[in-house]
Structures are given as structure tokens and as C-alpha cells.
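> Given the coordinates of chain A, work out where chain B should sit on it, guided by the hints.
2 protein chains.
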Amino acid sequence: MCIEMQGEIIAIGNELTSGRIIKTTSGFAAHHLFEAGYDIYAMHTIGDTPALIGEALKRALGRVDFVLVTGGLGPTDDDMTTTAVSKALDLPTMPNLDLLYQIRKHLETTAGPVISPLEKLAWLPEGAEALNPDAKMAGFQLIHDKKPIFFLPGVPHQMRTLLTEQVLPRLATWYKDQELSSLQRIYKTFGKTETEINQIVAALPLHENVEIGYYPVFPDVHLSLIVRNNGSKNGKKIFAESCATVEESLGAAIYGKDRESMAFIVGNLLQKNGKKLSLAESCTGGLISHHVTSVPGSSGWFLGGVVSYANKIKTDFLGVEESLLQKYGAVSAEVAAAMASGMREKSNADISLSVTGIAGPGGGTNEKPVGTVFIGIGTANAIQTHHFLFSGSRYEIQHLTAQTALNRIRQELINNI
Amino acid sequence: MCIEMQGEIIAIGNELTSGRIIKTTSGFAAHHLFEAGYDIYAMHTIGDTPALIGEALKRALGRVDFVLVTGGLGPTDDDMTTTAVSKALDLPTMPNLDLLYQIRKHLETTAGPVISPLEKLAWLPEGAEALNPDAKMAGFQLIHDKKPIFFLPGVPHQMRTLLTEQVLPRLATWYKDQELSSLQRIYKTFGKTETEINQIVAALPLHENVEIGYYPVFPDVHLSLIVRNNGSKNGKKIFAESCATVEESLGAAIYGKDRESMAFIVGNLLQKNGKKLSLAESCTGGLISHHVTSVPGSSGWFLGGVVSYANKIKTDFLGVEESLLQKYGAVSAEVAAAMASGMREKSNADISLSVTGIAGPGGGTNEKPVGTVFIGIGTANAIQTHHFLFSGSRYEIQHLTAQTALNRIRQELINNI
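Listed in order, the protein sequences are those of chains A and B. For any residue, its number in my numbering is found by taking its place in the first sequence, counting from 1, and adding 7. For any residue, its number in my numbering is found by taking its place in the second sequence, counting from 1, and adding 7.
With the rest of the complex left out, here is chain A:
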């Protein structure tokens, strides 16, 4: 039998409630806790106000099994989580001597001042256990009313490290008698609307224990499939069967699953077929290259690219003839084709992708309005071009174009190999 353990996440910082910083750490924590089988009851974001911090913590302790608090642990004057917690739970703040020693040792080696604001990090509520005894980042654990509370820094990479290396193992030990888990799969689709995906999937004969969610994540639509409490073999079977049914119904609209990006999928297909890619970008200005080179190991299948913003770069680096530019304009099927073939020949690639268009906000005409985009794909056998009219902001047009272009290469690789 499975009992669901519930947690709450409290993110602290005036920079968050004033919208100055867009919080992403709570989402990261929720994702990892959910995958480990815990249920997130709620996530809260509040300012650096001691009374509010105390109230939110006490309310959470009254209704869930564990609490994760992030932010407000730093050395600066506006960080007040530790003080607030000490007051709310009526615990004196005391120096942790090991931490103090480490901080002073660290300061010695970097020639900092003798009394540093960093020493503030060594003062913790009574009973707290430091999560990182080498003092390179803040973070501690408190047990209150037999419930664990974890305090992590708001700095994203520190918070992520401590969550995965400290919080998750500690929670697992704490709840070792419970068998918890959810099976979840995310399908990433591109090219169909949320409503279209919903209509296809709602018509499928899925088991009643399967939860389906639809999420537009620009420029994609993601579908989430969850089977909870799969302690029994039955859960795993239902999960596998439901996944197969959904995959069959959506077919090529699904480009990847879970954390796979479009560029990762394209790279896998290239690698598997021993093909090399090069790029010639105009209106996307390096965005496609950036997507591609964000994939570790992309040097195995990506040669490089040219960002040909000025016409002179198109002629001198890609060999596009000036007469083409004059006759058809830089944003045209003819120039997209010349960019793709020029790049392919000069880079010795198997496949070259080219993009030319008008991302806006300026530069549009009646004949070629903002959002006009031509995509070219050159291989040894053929050069194809595709014409699109996208709408949206500069950001949206650039990102839609990049995803559309990578998806075309994906289709090319799937169909012609």
C-alpha cells in the first residue's frame, strides 16, 4: 500500500514578489520531488519579511509532511530567513563552529577582510544541521514536530546541487518505509494545436488510472501521461500500454519525450546515420546554432555555421551571387536555396540548413511582411525551400522559425534514410 507524502515549497525574496527575478528554482524542486514520488501540495513565493516567512512556515508545518524553503540565506543585509525561522519556531540562533572555521579558512586563502559578512552564514537556528559542511554554500536542515524542513540558497545552481545531493537522499531515508512513486512521461509535440492533440487523445481507450494533461509550451505542445502509485506490477503495465497507445495515435507529431530537446533528437538522428550538419542563419541570428551546441557532444555531428546578417556576409562567406540578392531580395526562396547550397559545399557537410526572413519589429513591407521566413535544406541530392508566414513578437518569430527549421531536418532524416 502506498501513502502519499506531501510537501510544500516556500521561496523567499523581495526580488521574486516584485517580479524582478523570474523564479525557476521552485519548479526545478517540484519536478524532482514529484519524480521521487512526493506530492507538492502548494508552492508559495513571499518577500523578505520575517513575519510572513514565519507564518507561511508554520501553516505549512500544520498540513504537510515536509517543507522546502529557498532563498534569503545569503550574507547581505536583506537576507533574513534564518532570523525569521528562529523567531517563528522559538529557537535561538547560534554559531556553527565548524562552518565558522571553514569560512575563516576560506577567507584567509582569498585574502578577504578579517571580519567578513560571510560569517553570518555560520549562524543557524539551534538544532540545525548544515547541509554543506565545507561552507561553500548556505543550507541547513531542521527537524520540527518530527517533520523535516530544508533551507536552501536561492541561487539556482547551489539550490539544485543541494536538492539532488542532500534533500532527496535525506527524504528517502526519512520515509524509507513508504513505497512511493509516480510514473510520468512527457511527450513533446510540434505542429499541432493543444485542442487538436486533446481531441485525438480524448478519443483513446485509456485505463481510468491514467491522468492526461495538455500544456502549450511555446512553441511546442506537451502532453503529460501519469500513472500514480504504481507499487504493483499492474501500474507499470498500464503505464507501458498507455504510452504505446498515445505514441501510435500522435505519430510523427511527437518529436521527443521527457527532457529531449528538438536539437538533441536531430543530433541523435544525424549521429546514427553518420551525417554532418552545417547552418546558414540570417533572421534567427545564431539561435539554431545555439540550440544545436547546447547539446553535449554536438561536435560529433555539427560542423559549424555562418550568421549572415549583412548581405556582404551572404556573398563573401556563403557564395550567394549578388545578382540573386538584387533580383529577389535577401528574403526569398532563391537566396535561401543559394545559402543552403553554398554552405553545404564550403563546409563539406551532408546536410545544410538555411534560414532567411524578417523577424521584426522593423523591416516588413506589404509584399514581405514581418514574419515572412524562407527555410532551405540542401543535401547531395536536392535543395528544397519552404515558405512560412509566422506571427508574433521578434522573440516568437525567431523561436518558431528555429523550431520549425530543426523539425524539417528531423522529418528529412526520418523520411529519407
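Watch out, some of these pointers could steer you wrong.
Copies of the same chain look alike in the list, so a pair counts if it fits in one copy or across any two.
Claimed, not checked - With a straight-line Cα cutoff of 30 Å, these simulated BS3-like cross-link-like pairs (lysine-lysine) come out: (1) Lys143 <-> Lys199; (2) Lys334 <-> Lys319; (3) Lys375 <-> Lys112; (4) Lys264 <-> Lys199; (5) Lys375 <-> Lys282; (6) Lys127 <-> Lys112; (7) Lys112 <-> Lys199; (8) Lys153 <-> Lys127; (9) Lys282 <-> Lys353; (10) Lys279 <-> Lys319; (11) Lys319 <-> Lys283; (12) Lys143 <-> Lys195; (13) Lys283 <-> Lys353; (14) Lys154 <-> Lys65; (15) Lys143 <-> Lys375; (16) Lys353 <-> Lys243; (17) Lys195 <-> Lys127; (18) Lys199 <-> Lys375; (19) Lys154 <-> Lys195; (20) Lys375 <-> Lys283; (21) Lys283 <-> Lys199.
These are calculated hints, taken from the structure and not from any lab test.
Only chain B this time, still in chain A's reference frame:
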């Protein structure tokens, strides 16, 4: 006299509490509401569970002046905000005939099915007013206990449009007797730690009404300066004086303010001096080009770039001699210099920036570990190279390198013009 009006934001969606989607719309809303002079008491994220939605809404109505609810308004089966609100506030759900007409009209023109799941969007709690009567997106307003509640879609660009075009003007009318506003400035700094910035600014003789916050926003540190309730002239004077004091104390560590990106600042400096830039990127793989071309109008000062991932692209597109690559390796000061000067000559740019390094996770050696980066800057007068050893993930090394490289160009333009 100013009274502070407080609001609460409730974001709804299982995709949020499972961490499947990282919420950015709440931060956007908080930012705009804060700038308009409202105080955000708290932001909550909860799942698509009617009981929780009702509870959170009722608690918020009990303690703040207005509530913004986002998400769960869509046509799919898992969207249940409207039903939950009707139940919590004891209001029947009724069809809004105008919306229904618009939806049916829209479906006719796109040849959709006669009874569409989209019609769900026309059913609203009694007394609700649609925020967008042409039915192109969901969203409505309710007045409860003389407090406005706004329901917006979770889709970021729809939410943003309705927030700025509907919610803010409606709130301003609602509270027209109150004079509200905060003056806030964000200073973006690069190259100093949060502690260093804190120590400099804490020593300044600032007025007691000035609130300072420090926020590490990788790879920058941002400083926020706020003067609240500045209805009087005095507030504006304090704000201007404090800004001047902070600017003087931090000097060139500040690269920009409020929404200015590093690339935007670099572009302004180039434009002002009539100079053109080109790029030769290896380990950053197009990221710098992407930053640069995200700035509208960048074609006025940016010519283009080469992403020279493979060595052959370095020789064939940038004219880097093969003997240099063999003698010093692709990641070396010599190759960085050759990339910058080759790109500058071939593109006819005034300034060329080159980057070569090892972003990891693979590819490091004892001599050149992951994080080794060389940056080259070529002008008509000189070629300089800089050597760095960054630490972190592939993502962090790429982003640190890009920001460092753009900052070097900024310094070059400030110092030598």
C-alpha cells in the same frame, strides 16, 4: 497620503506543481503590478484540484485587496478553474451568449466540428465579465465582496496581453482615488561578487527611505534600489540622489539598468560610434550571435558571424592557418587571435570578437581543463587575447563566456573612443 494596495497571485496547473513547466507568468505579473504601485503579498502555485483552488482564493480574498488567478481556463478536460470558482463562491456557471456566438462564428470560418470543446470557454460564473469579448482568448473578471478578481489564461503571451491591456487599466480605475507608486531602479553589474557589491553600497550615506536589494542573476549581480510612496516631490529627489550615489560608487561594474541587456548596451556604443561588429565563435556555438541579434535593430551595427565548431571551418571560413592549429591546438591564444583577425578582415568589420574554449562536459585535458577559454578582440590597431578558466556546467561556462566576451567589447568601446 498613500495607502498600499495589496494583491495575491494564484497560478493553477498540475504541470506547475509537478515541476513539468517552469512558471514565468507569475513573475511577469508581479513585476508589472509592483511597478504600478501595488504590493504583492504572496504568490501561490497549486494543482488543478477544485478544493485547493477554492481554498486559496477564499483565503486571499480574506486578506488582500485584489486577486489574480492564472491558468486552468483552457478547453481541455484538465482545466477546472471556472468550475472550482463557481463552487467556492457559490455562483452558478452560465453561458455567456456573446462569447458563445463569437466562438461558433470562429469555428465556422475554420471549418471545425459543430460542437467543439472550445465552447467550454463561454461558460462563466454568474456575474463574470469577459476580459476579451472577441473570444480569441479566455479570461474574465469577477467582483466579490467589493474586491476584483481577475482570471487569466496560463498561456504566457495571452496572460501578458490581458494583464497589460485589461487588468492594469481596470485596477487603476478601481483604485483611482489612491495615489500609488514606487520608484525602482535595477542596476546590472558584472565582474564583482554579491558580497563585494554589498560592502561598497552598505558604506554609502543613503537616505533611510531607500531600500536596497542584492540579487545574483547568473552570470550577473543585480542591485535593486526602491523608494516607496513617492507621491511627494521629496521621494523623487531622494530617488535621483540615491541613484547618482550608487552609480558613482560602482562605476564601470554597472553595465546597464532596468531591462537593458549587455548586448543592447554594446550595440548602443557601437551605433553611437558608427562601428560594425562581427563574431567568430567556437565554444559558445552561436550564443553571442543570438544575444546580439535578440536586440531589435541589431542589423545596424552587427554584420554577422561564423560558428567554427570544426577545425576545417576555422581554416576555410576564417583563414586560420592549419600550422597554428597543429602547433598550439584549437583552444589557444594564438588561434583566438587568428580567428579575430581573419574574421575582421573577411567581414570588413571595425571590431571582431573571437572565442575558443572547452565548454565540457567532455574534451578537457590536464593542460587545458574544461572551462579553459580564450577571447580575442581584433580592431584596426591591435589584436588582444584574454585567457580565462571558468568553472561550472556546460550551460554555465557558455553563458559566462558570452557575457565576459561582450563585457570586454563594452570596456574596449568605453576606453578607446
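> If a hint holds in the structure, say so; if it doesn't, say that too.
Evaluation of the provided hints:
{"no.": "1", "hint": "Lys143 <-> Lys199", "in the structure": "between (47 Å within a copy, 17 Å between copies)"}
{"no.": "2", "hint": "Lys334 <-> Lys319", "in the structure": "within (15 Å within a copy, 32 Å between copies)"}
{"no.": "3", "hint": "Lys375 <-> Lys112", "in the structure": "between (64 Å within a copy, 28 Å between copies)"}
{"no.": "4", "hint": "Lys264 <-> Lys199", "in the structure": "within (16 Å within a copy, 40 Å between copies)"}
{"no.": "5", "hint": "Lys375 <-> Lys282", "in the structure": "between (34 Å within a copy, 29 Å between copies)"}
{"no.": "6", "hint": "Lys127 <-> Lys112", "in the structure": "within (15 Å within a copy, 64 Å between copies)"}
{"no.": "7", "hint": "Lys112 <-> Lys199", "in the structure": "between (58 Å within a copy, 21 Å between copies)"}
{"no.": "8", "hint": "Lys153 <-> Lys127", "in the structure": "within (27 Å within a copy, 46 Å between copies)"}
{"no.": "9", "hint": "Lys282 <-> Lys353", "in the structure": "both (16 Å within a copy, 29 Å between copies)"}
{"no.": "10", "hint": "Lys279 <-> Lys319", "in the structure": "between (36 Å within a copy, 22 Å between copies)"}
{"no.": "11", "hint": "Lys319 <-> Lys283", "in the structure": "both (26 Å within a copy, 13 Å between copies)"}
{"no.": "12", "hint": "Lys143 <-> Lys195", "in the structure": "between (38 Å within a copy, 24 Å between copies)"}
{"no.": "13", "hint": "Lys283 <-> Lys353", "in the structure": "both (13 Å within a copy, 25 Å between copies)"}
{"no.": "14", "hint": "Lys154 <-> Lys65", "in the structure": "both (12 Å within a copy, 27 Å between copies)"}
{"no.": "15", "hint": "Lys143 <-> Lys375", "in the structure": "between (55 Å within a copy, 25 Å between copies)"}
{"no.": "16", "hint": "Lys353 <-> Lys243", "in the structure": "neither (51 Å within a copy, 59 Å between copies)"}
{"no.": "17", "hint": "Lys195 <-> Lys127", "in the structure": "between (45 Å within a copy, 25 Å between copies)"}
{"no.": "18", "hint": "Lys199 <-> Lys375", "in the structure": "within (25 Å within a copy, 46 Å between copies)"}
{"no.": "19", "hint": "Lys154 <-> Lys195", "in the structure": "neither (37 Å within a copy, 40 Å between copies)"}
{"no.": "20", "hint": "Lys375 <-> Lys283", "in the structure": "between (33 Å within a copy, 26 Å between copies)"}
{"no.": "21", "hint": "Lys283 <-> Lys199", "in the structure": "within (29 Å within a copy, 41 Å between copies)"}
The structure fails to meet hints 16 and 19 from the earlier list, while all remaining hints are met.
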